[in-house]
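Starting from the known structure of chain A, fit chains B and C onto it as the hints suggest.
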Amino acid sequence: MEELLIENQIEAVLFWKGEPQSIKKLAASLGKKEDEIKAGLEILKAKIADRGVELVFKPARQGHSGGDDEVMLGTSSKVSHIIERLTKEELVRDLGKAGLETISIIAYKGPISRSEIDYIRGVQSNFILRNLQIRGLVEKITNENDHRSFFYRPTFELLSFLGVSKIEDLPEYEKVKIEFEQNLKNETDQLTDITSE
Amino acid sequence: MEELLIENQIEAVLFWKGEPQSIKKLAASLGKKEDEIKAGLEILKAKIADRGVELVFKPARQGHSGGDDEVMLGTSSKVSHIIERLTKEELVRDLGKAGLETISIIAYKGPISRSEIDYIRGVQSNFILRNLQIRGLVEKITNENDHRSFFYRPTFELLSFLGVSKIEDLPEYEKVKIEFEQNLKNETDQLTDITSE
Amino acid sequence: MSDTTFQIKTEVFEGPLDLLLSLIEKRKLFINDIALARVADDYIVYLKSLEKFPIADSADFLVIASTLLLIKSRSLLPNLNLTEDEQKDIGDLERRLKIYQRIKELSVHIKNHFGKDIIFAPEPRKMIPVFSPDQTMTKKNFLTAILSVIKSLPKVENIPKAIVRKVVSLEEMITNLTRRIQSSIKLSFREFAKVGKEERVNVIISFLAMLELVKQGIVNVKQDNQFDDIEIETQQTNVPHYN
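Residue numbers (the numbering used here), protein chains in the order written: chain A, 1 to 197; chain B, 1001 to 1197; chain C, 2001 to 2243.
Do not take every clue at face value.
As the list claims (entries may be wrong) - Label pairs and their computed distance ranges (CB to CB):
| no. | chain 1 | residue 1 | chain 2 | residue 2 | range |
| --- | --- | --- | --- | --- | --- |
| 1 | C | V2012 | A | I141 | 15 to 23 angstroms |
| 2 | A | E36 | C | E2025 | 49 to 57 angstroms |
| 3 | C | P2129 | B | Q1182 | 49 to 57 angstroms |
| 4 | B | E1089 | A | T87 | 20 to 28 angstroms |
| 5 | C | F2131 | A | P171 | 46 to 54 angstroms |
| 6 | B | Y1173 | A | E84 | 36 to 44 angstroms |
| 7 | B | A1039 | A | S160 | 46 to 54 angstroms |
| 8 | A | E19 | B | H1147 | 38 to 46 angstroms |
Hints were generated in silico from the structure; no laboratory data involved. Backbone N, C-alpha and C define an ideal beta-carbon position, used for all residues, glycine too.
With the rest of the complex left out, here is chain A (with noise of 0.2 angstroms):
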């Protein structure tokens, strides 16, 4: 396949991150040399000057050692009221059935992982577990045992807001936490056949 232009692939790093990037990194992820990355970037701002997004290049302070010229990708002021009223609407949206369902597994079976909400539920969680952590109801925590996994578990203004000091305060904590090691028991026994499939 052949290669795209390197302000091609600037912009989609940019895209896919979403958070200022270094001149630096830039150069890194591409294999590529500075230089050749602030000149792929000024092509990039002219072909983007008409569009829905735009560069923002936040230069290193000076004075600062370690800083580094950064740049991003953002939308264009020119939306910015848009994106302000999509930003509220996020917060009133109604979390639907798939919601509740997630936030009552992380708040019975949490500190839980996503792979396991995703077994329990049979779908993918990754797009409403990004919801309830932007509505402040669950939160993400390390791993102990493993950095680069991920805990989810209810935050504490949630458990204000439901009225319980603790969790094991929630209705049938303990007859539910039973039946439900009963019941992925079993799921976990078909979880290695299935894998195997």
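Same frame as chain A, but now just chains B and C:
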């Protein structure tokens, strides 16, 4: 401040969300009609044809609910190797024989019911279907004509992994569709005795 | 029909159609009833060769075996009368195999593309969380939701009833078929005697032997005397097996 062209507004929202959006939702977000959004998407698609990002479409089908047309902005398939190096997520490429078979059926013949999948494969597919759903490669939607039954169709994740911006871009897709419709039409009439969902 | 059966023991098959298709393709045949009659023996021999044959899977395999037996019987005994349903089963099997074969071809495309040039969804966009529950966030709703989650966890269930019913009806079918073939042979004997095609009779007798193989080798059937009722041993009914 002058307003951005609709295609640029769409791009901004898709960039900002970073998740699939339904046409309906986009229309509501931008205060436009769905047709305007669709036309805008076509322009956007043409505009970014030679860039670092691309659009992925997942259409609703007539008679299949759960079924809004949806669209997502992702990185160009031409920078796949670059993003793959950057991503921390583990990419599982192995589908297994059952998985490959089932995915092929859903990709080329979906939306399709479980009993039809069983019929074609000659074995029960409930476990592999659950497995594929947990992996996020296929999803279940409700049959609009019969709310107790379901259809399976490809997800964005599957389209992304296949590197196609729409399912019709798969090799032989149109040819196969005609084949199945013409030559093998009565196959569904034979479904009577196969286990129902 | 004199070809030796193919040794395919080492392969793992997704199901009866997978097995059948591979048998046909190994003999480089097109999918039609002649091809199906030719691979019927291979199919049965393969089933016979399996040491452990879980009943849940065997149901799927046996349904197809029964249709193959029909096709083979008909190819050997043109005067064997088939019911409308049986005719339909045969046409159906051919059609299913053709679709399956096409799907197999198409799966090569999927295999070649999957994970090769991925269109990546962007990293989750960072937003500062703002505590904003909706009205469904109550203890009561949490409990209702979690109970329904537990309830919908897949159960380790035994084989669907429809399949069990099919196994039973398959046994009946083989019994019936055996009787029908027996009487058909008696009829045919006169014809054969006239034309003197002894060879053909031998083929039919060996075919009947094969029927016995099916009965004894796969489902562990018990038959004390030749025309007694056949009892099926299905002790494993509650132990499903999934590949």
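**Numbers of the earlier hints that this structure fails to satisfy, in rising order** = Violated: hints 1, 5.
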